[in-house]
Amino acid sequence: MANQLVFDEMGGVEGDPRQIYAEVAHWFRQASPDLIANRKAEAEAFFRRIGITFAVYGDEQGAERIIPFDILPRILSSGEWARLSEGLEQRVRALNAFIGDVYGAREIVRAGIVPEDLILSNPAFRPEMTRIKPASGLYTHIAGVDLVRTGPDEFYVLEDNARTPSGVSYMMENREAMLRLFPELFGKLRIKPVDQYPDELLTTLRSVAPSSASREPTVVVMTPGPFNSAYYEHSFLADRMGVELVEGRDLFVRSNVVYMRTTEGPQRVDVIYRRVDDEFLDPLAFRPDSTLGVPGLMSAYKAGNVTISNAVGTGVADDKAVYSYMPEIVKFYTGKEAILSNVPTWRCREPEALAHVLAHIGDLVVKEVNGSGGYGMLVGPHATKAQRESFAAKVRNNPSNYIAQPTLALSTVPCYVEEGLAPRHVDLRPFVLSGADKVRIVPGGLTRVALKKGSLVVNSSQGGGTKDTWVIEDGPPRASQSQSQKAGA
Amino acid sequence: MLARTADNLYWLSRYVERAESLARILDVALRLATLPSAYAGTSNEWESAIDIAVCRDAFFRHYDVANQANVTQFIIAGPDNPSSIRACIEVARQNARAVRTAITTEMWEILNDAWNEMQRLRFQSFTSKDLTKFLAFVREVSLRFDGAAYRTMLRTDHYWFQRLGMLIERADTTARLLDVKYHVVLPETEPVGGGLDYFQWSALLRAVSALNSFHLIYRGGIKPWLVADFLILKPEQPRSLISSYETLNRVLDLLAERYGRQGPSQRLARQTYSQLQNMDIDTLFQTGLHEFLEQFIADNNRLGLAINDQYLQ
Numbered sequence: 037m038a039n040q041l042v043f044d045e046m047g048g049v050e051g052d053p054r055q056i057y058a059e060v061a062h063w064f065r066q067a068s069p070d071l072i073a074n075r076k077a078e079a080e081a082f083f084r085r086i087g088i089t090f091a092v093y094g095d096e097q098g099a100e101r102i103i104p105f106d107i108l109p110r111i112l113s114s115g116e117w118a119r120l121s122e123g124l125e126q127r128v129r130a131l132n133a134f135i136g137d138v139y140g141a142r143e144i145v146r147a148g149i150v151p152e153d154l155i156l157s158n159p160a161f162r163p164e165m166t167r168i169k170p171a172s173g174l175y176t177h178i179a180g181v182d183l184v185r186t187g188p189d190e191f192y193v194l195e196d197n198a199r200t201p202s203g204v205s206y207m208m209e210n211r212e213a214m215l216r217l218f219p220e221l222f223g224k225l226r227i228k229p230v231d232q233y234p235d236e237l238l239t240t241l242r243s244v245a246p247s248s249a250s251r252e253p254t255v256v257v258m259t260p261g262p263f264n265s266a267y268y269e270h271s272f273l274a275d276r277m278g279v280e281l282v283e284g285r286d287l288f289v290r291s292n293v294v295y296m297r298t299t300e301g302p303q304r305v306d307v308i309y310r311r312v313d314d315e316f317l318d319p320l321a322f323r324p325d326s327t328l329g330v331p332g333l334m335s336a337y338k339a340g341n342v343t344i345s346n347a348v349g350t351g352v353a354d355d356k357a358v359y360s361y362m363p364e365i366v367k368f369y370t371g372k373e374a375i376l377s378n379v380p381t382w383r384c385r386e387p388e389a390l391a392h393v394l395a396h397i398g399d400l401v402v403k404e405v406n407g408s409g410g411y412g413m414l415v416g417p418h419a420t421k422a423q424r425e426s427f428a429a430k431v432r433n434n435p436s437n438y439i440a441q442p443t444l445a446l447s448t449v450p451c452y453v454e455e456g457l458a459p460r461h462v463d464l465r466p467f468v469l470s471g472a473d474k475v476r477i478v479p480g481g482l483t484r485v486a487l488k489k490g491s492l493v494v495n496s497s498q499g500g501g502t503k504d505t506w507v508i509e510d511g512p513p514r515a516s517q518s519q520s521q522k523a524g525a
Numbered sequence: 028m029l030a031r032t033a034d035n036l037y038w039l040s041r042y043v044e045r046a047e048s049l050a051r052i053l054d055v056a057l058r059l060a061t062l063p064s065a066y067a068g069t070s071n072e073w074e075s076a077i078d079i080a081v082c083r084d085a086f087f088r089h090y091d092v093a094n095q096a097n098v099t100q101f102i103i104a105g106p107d108n109p110s111s112i113r114a115c116i117e118v119a120r121q122n123a124r125a126v127r128t129a130i131t132t133e134m135w136e137i138l139n140d141a142w143n144e145m146q147r148l149r150f151q152s153f154t155s156k157d158l159t160k161f162l163a164f165v166r167e168v169s170l171r172f173d174g175a176a177y178r179t180m181l182r183t184d185h186y187w188f189q190r191l192g193m194l195i196e197r198a199d200t201t202a203r204l205l206d207v208k209y210h211v212v213l214p215e216t217e218p219v220g221g222g223l224d225y226f227q228w229s230a231l232l233r234a235v236s237a238l239n240s241f242h243l244i245y246r247g248g249i250k251p252w253l254v255a256d257f258l259i260l261k262p263e264q265p266r267s268l269i270s271s272y273e274t275l276n277r278v279l280d281l282l283a284e285r286y287g288r289q290g291p292s293q294r295l296a297r298q299t300y301s302q303l304q305n306m307d308i309d310t311l312f313q314t315g316l317h318e319f320l321e322q323f324i325a326d327n328n329r330l331g332l333a334i335n336d337q338y339l340q
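As you go down the protein sequences, you meet chains A and B in turn.
Those letters in the first sequence? Residues 37 to 525, per the numbering used here, in order.
Those letters in the second sequence? Residues 28 to 340, per the numbering used here, in order.
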């Protein structure tokens with residue numbers, strides 16, 4: 037599959053650009069190498085200055101690193117976006133319905149669509165949640181859906197992130213950087229803004245406050261602390277929403293109500309946008325050794341006095357084995373065919389599929405059902421024989437823990453790398469907000485790019501970078517000047 | 028506001044202020060050390076520097092002699108000095124990072140830039156010129172940080188806790204500076220007269236950026252008791268003890284008003300402030316400057332603890 041023709045979204049580094057890229061391609065082609073170098077340096081200085089960093093686990097030196105940022109934007113037309121956005125909304129509505137069903141009547145199991153043991157044996161399944169009904173029946177208020185593209189009209193969902201998807205701060209800071217670097221392009225093109233995201237997030241979170249909350253519910257962002265790899269994002273979101281950024285030790289529970297310790301004494305908390313994993317949330321309910329959590333939080337949750345966002349136990353919907361059932365899941369809950377396609381997936385738990393995977397391991401991408409961050413996976417065509425064999429052994433040992441997919445010819449967008457402009461593979465993570473009133477999606481999302489030549493792994497922990505994502509109105513151009521008085525009037 | 032956030036804001040500005048004070052202390056020591064040896068006489072500027080910086084024990088655990096090389100190195104970036112300039116900037120940034128949401132972008136950028144600069148500098152190979160430049164840089168960081176806070180922060184409790192930290196630290200530094208140098212400002216030393224004393228007094232004023240303003244207030248020559256008067260009792264002088272307490276009082280009142288509750292911090296601050304208001308410099312010298320300053324430093328510490336108990340946990 038490695039020789040499949042790769043779709044370049046700009047239309048290649050040299051050739052005629054696709055219409056939607058015309059303006060951008062023109063700018064970058066006429067720009068001198070000095071000017072480009074200059075803008076790159078400016079971008080680097082911007083990111084260093086605002087301190088947008090991430091930590092890589094197990095890397096002492098790089099305690100705080102900057103994600104490489106590429107200055108050539110990734111562009112979608114508003115037509116393309118409209119279709120994606122409709123598909124995303126449908127998919128996330130189905131995800132929420134599915135999670136509610138899993139912790140409720142399990143009709144989808146009774147209908148024989150998803151096997152029950154797939155749910156019950158899932159390590160992210162939380163039995164506690166069968167006795168808890170979150171406000172408005174919503175579970176994943178913030179979902180990140182990873183999309184890839186293989187052609188002009190072919191988009192696939194690569195995975196769903198229903199727990200604590202991250203990266204939205206990069207989406208916003210990338211835009212901020214681009215606004216500073218290319219004001220001339222923003223003047224010419226009608227690029228849909230993304231900076232309303234924090235407002236929409238806050239509206240969404242408030243809409244799912246428990247019914248016992250006051251009319252102005254108190255929302256907080258809960259972080260594991262400054263040493264977490266996504267701490268920048270946690271503080272960024274709290275800042276932009278104008279809410280407190282709390283750690284577990286700032287909260288306590290009394291009579292099943294959650295309070296935070298403030299300079300004025302205890303203050304009630306209604307909605308916790310937590311960026312802490314389930315098992316660390318409450319040492320009384322989950323890991324007793326967790327110091328990140330709040331003792332008693334789960335009983336306050338159960339009593340309906342606080343909304344935890346995303347809900348506990350949403351991980352049951354974003355594992356890669358459940359992923360393979362998504363087309364059926366979408367159809368079951370929405371009554372319609374899924375608008376967004378899945379990548380064809382072999383579930384190794386099924387003997388026939390396992391045999392196929394083991395026979396073709398060199399052509400496939402094999403993933404752990406619960407893996408993330410690009411860890412625990414094998415990219416068959418890029419692996420050595422020894423790597424394939426040892427991975428095959430792992431799969432044979434515990435087949436239910438793996439799925440496999442064909443290696444897709446992921447689309448590319450040109451990037452500035454050492455040797456100049458060159459095509460690099462990209463994906464897209466839009467962020468889908470589900471509130472009691474409606475679903476909100478900011479146009480665009482985070483484009484991640486695999487900076488190593490030929491690499492398909494876009495994760496920042498594995499040498500990936502990012503690009504700003506532009507959704508451009510492709511209708512008639514707007515007036516280039518404001519109106520002025522006619523001469524002689 | 029989260030109690031932890033208030034704690035971070037308070038210590039953040041204390042550490043920035045402390046970094047600046049340390050830079051000023053070194054500045055003065057450098058200046059005094061340039062005196063011809065005939066004048067240098069009994070006092071060792073480098074020893075007083077470590078006394079003001081309150082790191083005598085830690086210093087002599089690592090060095091035998093208090094000379095320029097050892098003291099500057101220790102105060103700037105001593106590996107086992109938790110209150111070195113480098114450590115102050117680092118802790119300040121850590122606090123800032125923990126409360127990115129509570130400070131403005133401008134404040135964060137100043138600290139983050141300063142920290143990046145610190146990572147880059149090679150303190151071991153500093154020349155005297157590098158040293159002077161570095162000390163100016165530290166003072167500038169603090170000035171810019173303070174200015175950014177003043178110009179960009181909302182006037183809410185966030186701002187007030189930030190002020191409290193700065194003021195408590197500032198009062199502490201001025202008091203310690205005077206206490207270590209108190210033998211110089213005692214009236215009895217006046218007859219000794221001559222260049223040395225003048226140089227010492229002016230250096231003391233310079234340490235708190237108050238040399239020019241002294242002349243504006245007093246019009247005459249530098250007299251030791253006037254220096255003490257200026258740095259303890261003149262409300263016009265922003266680094267004087269009374270000025271720090273005037274503002275501390277005001278800020279604590281704003282907090283009490285906002286939270287609808289008075290507490291031990293308000294009482295303690297009011298006590299010290301009215302004590303300062305009712306004092307004149309003659310009585311102060313009669314009862315003993317050193318005793319007064321010792322008492323002041325202890326009271327100021329007690330206020331710090333009271334703020335901690337009342338708001339920061």
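Calculated directly from the structure, the hints in this document are not laboratory data.
Ideal placement from N, C-alpha and C gives every residue a C-beta, glycine not left out.
Don't take each hint at face value.
If you anchor each label on the Cβ, the simulated ranges turn out as follows [what the hints assert, rightly or not]: (1) B/Thr131 - A/Ser335: 31 to 41 Å; (2) B/Glu321 - A/Arg285: 50 to 60 Å; (3) A/Arg226 - B/Arg233: 54 to 64 Å; (4) B/Arg294 - A/Leu215: 30 to 40 Å; (5) A/Arg84 - B/His89: 51 to 61 Å; (6) A/Leu215 - B/Met306: 33 to 43 Å; (7) B/Ala325 - A/Glu78: 50 to 60 Å; (8) A/Gln498 - B/Arg329: 47 to 57 Å.
Residues of chain B clear of chain A, computed beta-carbon distances all greater than 10 Å [to be verified]: (9) Met28; (10) Ala30; (11) Gln121; (12) Thr132; (13) Tyr286; (14) Arg288; (15) Pro291.
Margin query: Hints numbered earlier in the text: which of these fail when held up against the supplied structure?
Written below: 2, 4, 5, 6, 9, 10, 11, 12, 13 and 14
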